[in-house]
Amino acid sequence: MAPCASRLDYLPNTTAVPATLAWGLLFMRISVAVLLLCVHGLPKLLHWSLEVQRIEDPFGLGAGLTLGLAVFAEVVCPLLLILGLYARLACLPVLAVLVVAVAVVHPEWTLEQGQFAWLLIILFAGLALTGPGPLVIGRLRLRN
5 MAPCASRLDY LPNTTAVPAT LAWGLLFMRI SVAVLLLCVH GLPKLLHWSL EVQRIEDPFG
65 LGAGLTLGLA VFAEVVCPLL LILGLYARLA CLPVLAVLVV AVAVVHPEWT LEQGQFAWLL
125 IILFAGLALT GPGPLVIGRL RLRN
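Residue numbers (our numbering): 5 to 148.
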């Protein structure tokens with residue numbers, strides 16, 4: 005009698021990542037991180053005094069702390085993602101800020117009004133699930 009095949013025997017071999025997938029993940033990772041950084045993160049960081057006066061504070065943490073958390077999620081986390089360092093973990097604060105924006109701060113948004121946030125949620129959730137791929141700063145080696 006032949007042994008029963010494991011469920012895992014039917015899954016594709018994921019130890020070797022095709023080059024197109026590796027480059028695709030790199031492109032998506034860098035593109036979405038730069039987009040978030042330029043559109044949301046850097047403006048908040050560079051115009052801190054203005055942003056701290058107008059930021060929504062849905063949980064009553066105080067405007068300064070709320071802005072600090074948003075800047076962490078929109079500046080530090082995208083930089084980590086660009087480098088591929090702690091990429092899955094770096095997606096989580098970004099997702100938290102985006103979900104709070106859509107569900108708590110702007111619940112009145114239609115799908116059309118919130119489409120940028122929803123696209124970012126989809127992309128960052130995808131990266132949280134897939135990880136950064138093999139092309140990350142820690143794995144690059146200089147050739148002699």
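The reader is advised that the hints may include incorrect statements.
[What the hints assert, rightly or not] Quick list of simulated restraints, FRET-style, between CB atoms:
#	residue 1	residue 2	range
1	Trp122	Cys42	33 to 43 Å
2	Thr114	Ala26	32 to 42 Å
3	Thr114	Gly142	39 to 49 Å
4	Val21	Gly66	38 to 48 Å
5	Leu96	Glu60	32 to 42 Å
Hints are computed from structural coordinates only; laboratory data are not their basis.
C-beta atoms are modelled at their ideal positions from N, C-alpha and C, and glycine is treated no differently.
Assessment of proposed distance window 32 to 42 Å (beta carbons of Leu96, Glu60): violated (20 Å)
Range agreement (Cβ of Cys42 with Cβ of Trp122, hint 33 to 43 Å): Violated - the Cβ-Cβ distance for Trp122 and Cys42, about 19 Å, lies outside 33 to 43 Å.
Status of the given 39 to 49 Å range, CB of Gly142 versus CB of Thr114: holds (42 Å)
CB-CB spacing for Ala26 and Thr114 relative to the 32 to 42 Å hint: Because 37 Å falls inside the window, the suggested range holds.
Outcome for the supplied range 38 to 48 Å, where the beta carbon pair is Val21 and Gly66: Since the Cβ atoms of Val21 and Gly66 sit about 44 Å apart, the hinted range of 38 to 48 Å holds.
The structure does not agree with the numbered hints 1 and 5 stated previously, though it agrees with the rest.
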